[in-house]
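A.B. asks: Based on the sequences and whatever the hints tell you, model everything.
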Amino acid sequence: MLTYRAIYVITLREFKRFFRQKGRLVVTAARPLIWLFIVGSGFTMLIDTEEVEYIQFILPGIVGMTILFSSIFSTISVVWDREFGFLREMLVSPVSRVTIVFGKLLSGTTLSVFQGAALLLIAPFLGLGVGVLDYLAMLVLMTLVALAITALGLFVASFLESLEGFNVIMNFIVLPMFFLSGALYPVGSFPPYIKVFAYINPLCYGVDSFKHVLLPGSGRLAAEFPMLLDVVFVSVFAVAFTFASALVFERRK
Amino acid sequence: MSIIQVKDLVKRYNGVEAVSGVSFEVEEGETFGFLGPNGAGKTTTINILCTLLGFDSGTALVNGHDCRNDAHQVRSSIGLVFQEMTLDNDLTAYENLKFHCYMYNMEKRLAEARIREILGVVGLSDRRDDLVRKFSGGMKRRLEIARGLLHRPRVLFLDEPTLGLDPQTRSHVWEFITELKRSEGNTVFMTTHYMEEAEVCDRIAIIDGGRIIACGSPDELKRALRGDTVYLRTKDDATAASEMSGRLGLSPRQLEGGLAFTIESAEKFIPRLFETLSVGIISVNLKRPSLEDVFINLTGREIRENNGPQRARG
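Residue numbers (the working numbering), protein chains in the order written: chain D, 1 to 253; chain E, 1 to 314.
Read the hints as simulated data drawn from the structure, not as lab findings.
The structure displayed is predicted, hence computed values, not measured ones.
Incorrect hints may appear among the rest.
What the hints assert, rightly or not - The calculated SDA-like cross-link candidates involving lysine to any residue, where the alpha carbons are at most 20 angstroms apart (straight line), are:
{"id": "1", "chain 1": "E", "residue 1": "140", "chain 2": "D", "residue 2": "2"}
{"id": "2", "chain 1": "D", "residue 1": "16", "chain 2": "E", "residue 2": "92"}
{"id": "3", "chain 1": "E", "residue 1": "108", "chain 2": "D", "residue 2": "81"}
{"id": "4", "chain 1": "D", "residue 1": "16", "chain 2": "D", "residue 2": "27"}
{"id": "5", "chain 1": "E", "residue 1": "108", "chain 2": "D", "residue 2": "2"}
{"id": "6", "chain 1": "D", "residue 1": "16", "chain 2": "E", "residue 2": "90"}
{"id": "7", "chain 1": "E", "residue 1": "140", "chain 2": "D", "residue 2": "81"}
{"id": "8", "chain 1": "E", "residue 1": "108", "chain 2": "D", "residue 2": "94"}
{"id": "9", "chain 1": "E", "residue 1": "108", "chain 2": "E", "residue 2": "150"}
{"id": "10", "chain 1": "E", "residue 1": "140", "chain 2": "D", "residue 2": "84"}
C.D. replies: Following this line, the structure appears as structure tokens:
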């Protein structure tokens, strides 16, 4: 049912498109740096934290943000392909719809992990010690988070008809997900009625799992959920939305 | 066994019949054309045969596979060139073709060989590594047709292959398709609303309002007209028409702005018109039968007058 050669070439195409769009590359590289060094260093002066500096505290969140933006906006290719006709080239080929979904999922995920991994190289400059094992653990966790969010993006994108619609809807999804992820302030500090939204947010568990690795120790700014819960929630979310988007893709033509 | 078999095919959009009981068969190696105005049901039929669209009743078989239940096998047997462009502008010609090969699960070596060969056939070998974005309309069309042939399909579907191209490029594309047919021997199923383009087909089905109103080779269809068509404009068409039927035994058809009738050896008949009619004649136009006349004869109107809004596809 899955054709690996087709999945490979769908992924290859997304990579080529990504690296050929110079503007997108610059924005992608600049966004996390702006957050870290402009927002992060500003608040570092303002906020008196104990064991970790604020700029160190937000690194896991900014890694999460990078994956969030990259994964969600990678799925614009579904809408793009529909608008510019290329989707029909794929739909009329003998590969199954699920193969197409997996191709998009794999390309969105790898591009995100690649960006997250690049950003992580900054950690030593922020005074965070990241060993080889930590780095490998982060790669695994980032892959899970990227899968979950790309699958969510694919699910939503498969309902959308136009690029304008995509931008409006996705921004509406991305910003609350980011601010409710614990990236900029601990989830424990949210009012109870807002906490509810954080608890169903996959990025919240994703960022928490990154904190386990990057900010070991305890305290107000450390991870807030058990690692096991983080991993299970993100994995279940990834599987559920992969199935959901495959289902929607199968139905729609 | 026919490579395409369609029987009593019906497709409705929101209760309106776009295809109402169409039946036809296409033989292997044949070039078969669907001719008709926009909105006649051509693209709907092609989309059903290519498994991109479901249908309400009837049967549709391609290469012996059911278009509804064996979509996978049907898709493996066909190549398709859509009405609108479906290349990726941000990839090179080679990359677009490679994408296609891999979607059809071809080995790398086979893919490379086929791509080299087909780029030669369409005369784009020297543009192999250029972005498609930089291609002209005609080059893109050639590349799309090349792509449709890469996996050696049993049937190549061409949906309005020259739509939106300038006349010169259109004739280039046609030369290319005819040449390709000669060298590769594919079965080609095409739609068009350009009459002169349909002439290259072995057989044509004329479709209007979701029904096939005539089917046969271009010659057969023209022969059925039995003669040449004379277009006549007079100062008083109604009187002229009654005089023609009364005195000359003709049954002229009323068109917008004139009359038309069909007669053998029209050039010898025209002088009699001038002798017989009492109303002033403004112009007389004699046309040897063309497919356009076949269409007019069958429907009472010209094919391009009926360019209604395109049906939604998808």
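A.B. asks: Would you mind marking each hint as holding or not holding in the structure?
C.D. replies: A quick look at each hint next to the structure:
Restraint check: the Cα-Cα separation between residue 140 of chain E and residue 2 of chain D comes to about 30 angstroms, which exceeds 20 angstroms; the hinted pair is violated. With a C-alpha separation of about 10 angstroms, the suggested pair residue 16 of chain D and residue 92 of chain E falls inside the 20 angstroms cut-off, and the hint holds. With a C-alpha separation of about 25 angstroms, the suggested pairing of residue 108 of chain E with residue 81 of chain D is violated against the 20 angstroms cut-off. Distance restraint check for residue 16 of chain D and residue 27 of chain D: the Cα-Cα separation of roughly 17 angstroms lies within the 20 angstroms cut-off, and the hinted pair is therefore satisfied.
At most 20 angstroms may separate the alpha-carbon atoms for a hinted pair to count; residue 108 of chain E and residue 2 of chain D meet this at roughly 18 angstroms. The hinted pair formed by residue 16 of chain D and residue 90 of chain E meets the criterion: a straight-line CA distance of about 8 angstroms does not exceed 20 angstroms. Restraint check: the Cα-Cα separation between residue 140 of chain E and residue 81 of chain D comes to about 17 angstroms, which is no more than 20 angstroms; the hinted pair holds. Straight-line distance between C-alpha atoms of residue 108 of chain E and residue 94 of chain D comes to about 18 angstroms, which keeps the hinted pair within the 20 angstroms bound.
For the hint linking residue 108 of chain E to residue 150 of chain E, the alpha-carbon distance of about 13 angstroms falls within 20 angstroms, and the restraint holds. With a CA separation close to 14 angstroms, the supplied pair residue 140 of chain E and residue 84 of chain D stays within the 20 angstroms bound.
Figure legend: structure checked against the earlier numbered hints; hints not met, in rising order: 1 and 3.
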